[in-house]
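J.: Full structure from sequences and hints, please.
Protein chains in written order, with the numbering used here: chain A, 14 to 125; chain B, 16 to 128.
Check each hint, because a few of them may be wrong.
Said to hold, decoys possible - Keeping only pairs whose Cα atoms sit at most 25 angstroms apart, straight-line, the calculated SDA-like set for lysine to any residue is:
| id | chain 1 | residue 1 | chain 2 | residue 2 |
| --- | --- | --- | --- | --- |
| 1 | B | Lys72 | A | Thr117 |
| 2 | A | Lys55 | B | Ser85 |
| 3 | A | Lys55 | B | Leu103 |
Stated by the list, open to error - Footprint (simulated), chain A over chain B, 3 or more residues, beta carbon under 8 angstroms:
| id | segment |
| --- | --- |
| 4 | 48–60 |
| 5 | 118–128 |
Stated by the list, open to error - Pair by pair, the computed Cβ-Cβ distance ranges are:
| id | chain 1 | residue 1 | chain 2 | residue 2 | range |
| --- | --- | --- | --- | --- | --- |
| 6 | A | Gly72 | B | Arg43 | 20 to 30 angstroms |
| 7 | B | Lys28 | A | Ser53 | 20 to 30 angstroms |
| 8 | B | Asn92 | A | Pro27 | 44 to 54 angstroms |
| 9 | B | Glu32 | A | Arg90 | 41 to 51 angstroms |
| 10 | A | Gln93 | B | Ser95 | 24 to 34 angstroms |
| 11 | B | Asn92 | A | Lys80 | 31 to 41 angstroms |
| 12 | B | Ser85 | A | Glu28 | 22 to 32 angstroms |
| 13 | A | Asp71 | B | Asp71 | 22 to 32 angstroms |
| 14 | A | Gly67 | B | Leu128 | 20 to 30 angstroms |
| 15 | A | Gln44 | B | Arg43 | 17 to 27 angstroms |
| 16 | A | Glu58 | B | Glu66 | 21 to 31 angstroms |
| 17 | B | Pro113 | A | Glu16 | 19 to 29 angstroms |
| 18 | A | Ser95 | B | Ile27 | 26 to 36 angstroms |
Worth flagging that the hints you see were computed from the coordinates, not collected in a lab. Backbone N, C-alpha and C define an ideal beta-carbon position, used for all residues, glycine too.
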Amino acid sequence: QKEVEQNSGPLSVPEGAIASLNCTYSDRVSQSFFWYRQYSGKSPELIMSIYSNGDKEDGRFTAQLNKASQYVSLLIRDSQPSDSATYLCAVVRGTGFQKLVFGTGTRLLVSP
Amino acid sequence: AAGVIQSPRHLIKEKRETATLKCYPIPRHDTVYWYQQGPGQDPQFLISFYEKMQSDKGSIPDRFSAQQFSDYHSELNMSSLELGDSALYFCASRNRDPTDTQYFGPGTRLTVL
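T.: What follows is the structure in C-alpha cells.
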C-alpha cells in the first residue's frame, strides 16, 4: 500500500463545474500537505499547501485537511479546460527538510 | 521571479554511458532535492542536500551519485546507464522557511537507448 493514495481517474467534469480531488495518507506524523498540478511532460507546479485542519481557499481552489481521518482534498470551482492535468497530492512527514512523498496523481479532464 | 534551472533539458545516451544532470536552485535556497519520474508514475525521491551536505537518501541506485557545491548548485551523476533509467529527472529547491514548500525545476528528460 502506498503511503499516499489517490484515485488515478480520469475524473471528467464539464466546464464550469466543481472538481473534487481526494487523497489519503497513512503516516500520522505527516505535517505538511501539498497539491501540485502537472501537465504531461512538465514539472509539478504548486497549487496549494495546507498545514492545519480545516479549509484553505485561494481563488478557485480550496484545500481541505482532516488529520483525524488522514484525508486531504482539493476543490476546483468553475473548472476550465486549462485545468485538465494530473493533480498530485504530496505529503511531508515530520519536520527538518523532509522529502515530498507523492500519490500517483489524479488525472482531471474538463470538457468544454 | 527566478526559478530553479536545470540543464540539459533533454539528454539522449546509450546503455552503459554516463550522464551528468545539473540543478541551479532559486537564489538563497539552500536545500536541493532530486526526484525521478518514470512514464505514468509519480515522482520518486532520490536524494537531497542541505548546506552542501547530504540530508536524506531515497531509492537512488548505487550507480548514481550527487553532490551540492559551494554555490548551492547540485549535480546528479549517473553511470552505467540502463534502459530503465529513462525518465524525467526533477530538481526542487527550498529555503529555511517553515512551510516545507519545494519549488520544482523544468526537469531533464533522459532517454537511454
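J.: Confirm or reject each hint.
T.: Status of each hint after checking the structure:
With a CA separation close to 21 angstroms, the supplied pair lysine 72 of chain B and threonine 117 of chain A stays within the 25 angstroms bound. With a CA separation close to 29 angstroms, the supplied pair lysine 55 of chain A and serine 85 of chain B exceeds the 25 angstroms bound. The suggested pairing of lysine 55 of chain A with leucine 103 of chain B holds, with an alpha-carbon distance near 9 angstroms, which does not exceed 25 angstroms. For the segment 48–60 of chain B, the proposed coverage by chain A is satisfied: 7 residues have a C-beta within less than 8 angstroms of a C-beta in that chain, meeting the threshold of three.
Only when three residues or more bring their CB closer than 8 angstroms to a CB of chain A does the claim for the segment 118–128 of chain B stand; here the count is 6, and the claim holds. Distance hint for glycine 72 of chain A and arginine 43 of chain B: a CB-CB separation of about 27 angstroms, consistent with the stated range 20 to 30 angstroms. Checking the proposed 20 to 30 angstroms range against lysine 28 of chain B and serine 53 of chain A shows it holds: the Cβ atoms sit about 23 angstroms from each other. In this structure the supplied range 44 to 54 angstroms holds for asparagine 92 of chain B paired with proline 27 of chain A, their Cβ-Cβ distance being about 48 angstroms.
For glutamate 32 of chain B paired with arginine 90 of chain A, a C-beta distance near 49 angstroms keeps the hint of 41 to 51 angstroms intact. Under the hint 24 to 34 angstroms, the C-beta atoms of glutamine 93 of chain A and serine 95 of chain B, about 45 angstroms apart, miss the expected range. Checked against the given bound of 31 to 41 angstroms, the beta carbons of asparagine 92 of chain B and lysine 80 of chain A, roughly 40 angstroms apart, stay inside it. Checked against the hint of 22 to 32 angstroms, the C-beta distance between serine 85 of chain B and glutamate 28 of chain A comes to roughly 50 angstroms, which is inconsistent with it.
Roughly 29 angstroms separates the CB atoms of aspartate 71 of chain A and aspartate 71 of chain B, a value that falls within the hinted 22 to 32 angstroms. Range check, glycine 67 of chain A to leucine 128 of chain B: Cβ separation about 50 angstroms, and the 20 to 30 angstroms hint is violated. Under the hint 17 to 27 angstroms, the C-beta atoms of glutamine 44 of chain A and arginine 43 of chain B, about 23 angstroms apart, fit the expected range. About 27 angstroms separates the C-beta atoms of glutamate 58 of chain A and glutamate 66 of chain B, a value consistent with the hinted range of 21 to 31 angstroms.
Look at proline 113 of chain B against glutamate 16 of chain A: about 22 angstroms separates their beta carbons, and that is inside 19 to 29 angstroms. A C-beta distance of roughly 31 angstroms is found between serine 95 of chain A and isoleucine 27 of chain B, which places it inside the suggested range of 26 to 36 angstroms.
Violated hints, in rising order: 2, 10, 12 and 14; the structure is consistent with all others.
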